[in-house]
Amino acid sequence: MTEQEALAEGTGFRKNSWAAFVFVLQFLRPQLRRLILVCLIDVSIVLLNLSIPWFGKSVIDQVLPRRDWNGFWVIAVSIAGLLLVVHLLTGTRTFLYNTTEQLLQLEIRRKMYGHLQRLSMDTIDALPVGQHQFRISTDADRIAHMLVRILPTLTMLFEFALILTAAIYVDPILTGIVALFLIPWTLLFIWVTHYGRVLDRRRLRLCELRDAGVLQAAYSFFTIKSLNRSDHEVRRHSRISVALQRVANQGYLILVGFEFATQRLIPFLKTNTIYLYLARMVVMGQMTLGMTVPMIAYLGRLSFPIERIVNFGCWIWQTMVSAERMMQVMETQPAIVDKLNAVPSPVVTGNVELRGVSFERPRVGRVLSNVTIHLKPNTSTAIVGPSGSGKSTLVGLALRLIDPLEGQVLVEGTDLKDIKLDTYLKQIGTVMQDTYLFAGSLAQNLLIAKPDATEEEMQAAIDQAELTKWVATLPAGMYEDLDGGSALSAGQKQRIGIARAMLIQPKLLILDEPTSALDAETEREIMDTLKRLAATTTTLMVTHRLDTIRHVDHIVVMESGGIREQGSHAELVRQNGYYANMRKIFTGSEPIPQQVTG
Amino acid sequence: MLPESSHISLGESLRVLRRLWGFVRPYRGKFVLSILLLLLSVPLAQFALFLTRDVTNKALLATHLTADERWSIVLSIVGLQALFYFSSALLSTCREVLEWYGSMRSTFDLRLAFYRHLNKMPLAFLTKRLPGEHLFRATADMVSVFRIASRPAVATASGQSAPDSKEVAMAIYSNDVDPYDPGVMGIIVRTVPLMVETIYSLLWGVILLFLIDGMLSLMLLAYIFPFAFVSHRLFDKVRGSAFHFKETAEMEAGSLRDSIAGLRTLKSLGRLKVQRKKYMHAVANTRRAGIKQISEIVLVQSGAQVGMKWAFSICIYVYLTSRVMEGSATLGDWIAALLLVEAAQGPLENFVQILQLIKVQLVPAQRILETLDAKPTIVDRPGAIKLADVSGHIKFENVEFAYEPERPVLNGLSFEVKPGQYLGIVGPSGAGKSSVIALMLRLYEPSAGTVLIDGNSVSDIALSTFLERVGTVPQTTHLYTGTIADNILFGNPKATREDLERAAIMSGVSKFAIRFDDGLGTLVGEGASLSGGERQRIGIARALIRNPKILVLDEATANLDPETEADILEELKALRGSMTIISIAHRLKAVEPCDQVLVLDAGRAAQLGSHEELIQMEGLYRKLWALQNELSHLEGAAS
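Protein sequences appear in the order of chains A and B.
Mapping of the first sequence onto our numbering: position 428 corresponds to residue 428, and the numbering continues sequentially without gaps.
Count along the second sequence from 1, then add 1000; that gives the number in our numbering.
Please keep in mind that the hints were generated in silico from the structure rather than gathered at the bench.
Treat each hint with caution, since some may be false.
To be verified - Below are the SDA-like pairs computed for lysine to any residue, each with C-alpha atoms no more than 20 Å apart in a straight line:
(1) 1375/B x 231/A
(2) 270/A x 280/A
(3) 1386/B x 1463/B
(4) 1273/B x 114/A
(5) 469/A x 491/A
(6) 584/A x 1570/B
(7) 1278/B x 441/A
(8) 1273/B x 333/A
(9) 1375/B x 230/A
(10) 1623/B x 73/A
(11) 270/A x 306/A
(12) 57/A x 1062/B
As the list claims (entries may be wrong) - Output of the computed footprint for chain B on chain A, the stretches with three or more beta carbons under 8 Å from beta carbons of chain B:
(13) 98 to 110
(14) 117 to 125
As the list claims (entries may be wrong) - A few chain B residues that face chain A, going by a derived Cβ cut-off under 7 Å, partial list only:
(15) 1069
(16) 1085
(17) 1108
Bear in mind the structure is a predicted one, so any value in this text is a computation, not a measurement.
Just so you know, even glycine gets a beta-carbon here, dropped at the ideal spot from N, CA and C.
Full structure from sequences and hints, please.
Shown next as structure tokens:
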């Protein structure tokens, strides 16, 4: 399925769980040898554990009545040895099993992350960051947890068969009676899992509602306080909490009832039946006292593997939701990949042409139709127009974040689709609407753009972005941890974005609304900096602020996906068209035309 | 590796426990009853085990009796055992329900108290980098990871949050992740009964073993203390590696957040590989820490704990067997003693875990109480004036104010707004424009001077009676998940349908809502596709539906494109006269229609007058005006 289709499907997309299960099984293959070893250890532990009660039998039946000291020491040493081996094996197994799970987690993350990185921004932006994070971390862990359990759980079938055979061999009637107790247990378990899932879903929905409320409150304290809605907010929170509590209570009472039945009542009945039966056999002389030890041990263990298997079977379907989500991501084909025969990018001088490009967005329709813009080396171009006119789509095309539906993007005369994308992008400086600051210091943030930059190069970029003074105030200078930029102003962040763009000394600078998040004063300061830098490079700037572009060589006015007018500032003012009119509204140097109020 | 705060002094621990007990107190009856049931159920179960001796000795091995006699003895003793077992199980279940009820209710109370308290705190507490904010962000952050219901800003805003605050969030919200986990209240409602149960059942174990053989109970007693001590020490060590694992996991999460939230940047820089390497490095680190933690657990549990247990069992076994062979103990003693010793192992392991549990939970508990104990500084004074109505008269008298003492924002600001007046406030950034609003709404308190509303100081007024008559539109309107109508009604949930429609028309919301199939019933929320102008219109409708006497616009049109801004300003003109309007703006365009414009400079009133007057006057306003129109002058020169 194509990326666009997946996007259109949105989060509602679901394939059947079986396909998802088969899909995630591929991760199991590299771990198969480790897991088979785990299963082998499991089998040996079971065999050893099953042999231990027989020693108890011979102690009671032979050693103690006969006061056989030699036999006693033999048995004591054997049991000690066996237990030692069992503990060593258990330790090894735990280590091996968990290591395998960690390796699975690693592998799933690697696959999903690599794939996600290649998807287009449209696909990424369709979901909140938290949801992608959830998929790569929590979903991956759940899938790993499920995968690692499959084989050991199947091994339990072997354990069950073994115990059953042994128990039937010793006493088929009692074994039959004990096996009957499994029936009510299984039925109860399946019912509770089913009903529990219904309750769980309701509980999670309420949780989501409440947490979304808390989250929104955290981001709108000013609104809440200034509109005097604090009490209202607390009441709403408490109302949802009460409902949540009610659902949790219901769930708890069912769980208590279930646990009483399965962990207390049924074992109680079962144990008493076994005891009475065995006592009767001993009293009637049909069984030695010692024989009760292995019987009790075996019959007590009989239900254990079955419980685990049923438990796993009920639980596995919950994991399938994660597997389905994962498959959905992995089956979304990245729309933009380098061709096999892609060539390294020519040296970019700034000769970039968007030739007759069109673009469509799902659910929105055509956002660009047949637009041609030619950037010439060492000139500056500005694209203006109201929101939704297709300005940012043009930037997306120039950076190949998207491919045009029709038309071409030509870099120095070569189609961008034939170029190895990163060799092209590494020559271009970009400043976006908001600069995203990565964890770490200013230097670490700069090095993202050029991992092998020297300190001198970074200092030069800092100077160009006019951050020198600010950096001097930081205790560790450019190596000071910025803590994700939480304490920085929007202007400082944009300057860091500029420094990041300048680090590679680009011949082409692309600015996508670089000042739209700033107040007017900061905006002017940043624009002054950019103006200075733009003098030596080719520049493409997108903006909706008309007062910042008077100086550029070429202005393109966009409107609903097409070019409405273009030319230099002076030409456009002379034409007295849309651009001239908008400028008047903005600067207010002439009266506001009355029709605007309409 | 352990954070220093995990070492809490004994006095502090007791204080925390006392405070938490305050939340359990209302349910103490049930709590005490549950402990009483516990005292009954433990010996019953142990007696049942003890009776195995009599079944063995008096019936199974009593070869001198007939089979029928032996069978009837079996029936009576096993019957007694069954009775003991069953009543013990029943009592335990009742006890668990009681215990759970107490924990659930007290956690609920704690959580609500916490949320209520947070809402009472002044804005400064909530928005500055204080524990409260940290905590709230952390909650939000945790929610985003667990509940998938967040927007990107959450992740980036909190950055690398401190692990401690995440623990706090976990502690308060943990019983949603696992609804049956009592979270921080567990220190009391779970630990205390567990402690009682452990000590009490060990005690009964010692007593019953004493009835079989005094030496056995001595052996058990001798085993308890070294076992508890060694395991406790070992668990401390494991906890170190658990913290390390958590740390690496957080680094990994941070790196993942960077990868996704910063993906556009990485893509446009052509540097996907760099970040992928970084992330995979973080992932591998976490796995390594995870494997290290597991190995330590395996070593501690299999190596030391199970080893000790195993050595102890062998000792008991050898001792008992030799006693039987000497003839000083019966086979029944042998079986019952082994069963009792086995039964004592469980409580012993519990004991070690309780100590660990308390250690882990004390830190978040302390943090929660820290926030709960912070005093709300802005509260109505006793006997505050309840305003029946607000005329809209506002007066600032020599008001001084500073967010941080060393950087004053307002320096003796005085001005007056008459009812129905449309006042604009302008000035360079940092002149104190937004502080004027914050002080007027009493989100902060002035350090000197008075803010008067209808002649009363705002700190003498019952704040909510005043705020109910004020509508505020911030720079960006926060949209709550819900319909457009819900979002408007947030301003006044009691409003009628007519009020709603009137506000929608007045604010221009109806103009764009009409395009949607569901009109005002269209679902919106963070990240929904409304333009900035549309959001601001909802903000205005939200303010207008309150039927305000004072309308406050805080840079309400600053982020809009010129066309939309002009549109909204025109609509606001229609409201003038019917209410006092205060409009704060950076761009002078936005205050042009005002009756009066107040020009702020360095926290003082520099100029006052209408736009036309101010433009004629020499001063800051004209300077700003010239600056913002610089282009038009230059343009004249260029062309």
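Status of each hint after checking the structure:
no.	hint	in the structure
1	1375/B x 231/A	holds, 18 Å
2	270/A x 280/A	holds, 15 Å
3	1386/B x 1463/B	holds, 8 Å
4	1273/B x 114/A	holds, 9 Å
5	469/A x 491/A	holds, 14 Å
6	584/A x 1570/B	holds, 16 Å
7	1278/B x 441/A	holds, 15 Å
8	1273/B x 333/A	holds, 19 Å
9	1375/B x 230/A	holds, 17 Å
10	1623/B x 73/A	violated, 104 Å
11	270/A x 306/A	holds, 16 Å
12	57/A x 1062/B	holds, 19 Å
13	98 to 110	holds (count 8)
14	117 to 125	holds (count 4)
15	1069	violated, 9 Å
16	1085	holds, 6 Å
17	1108	holds, 6 Å
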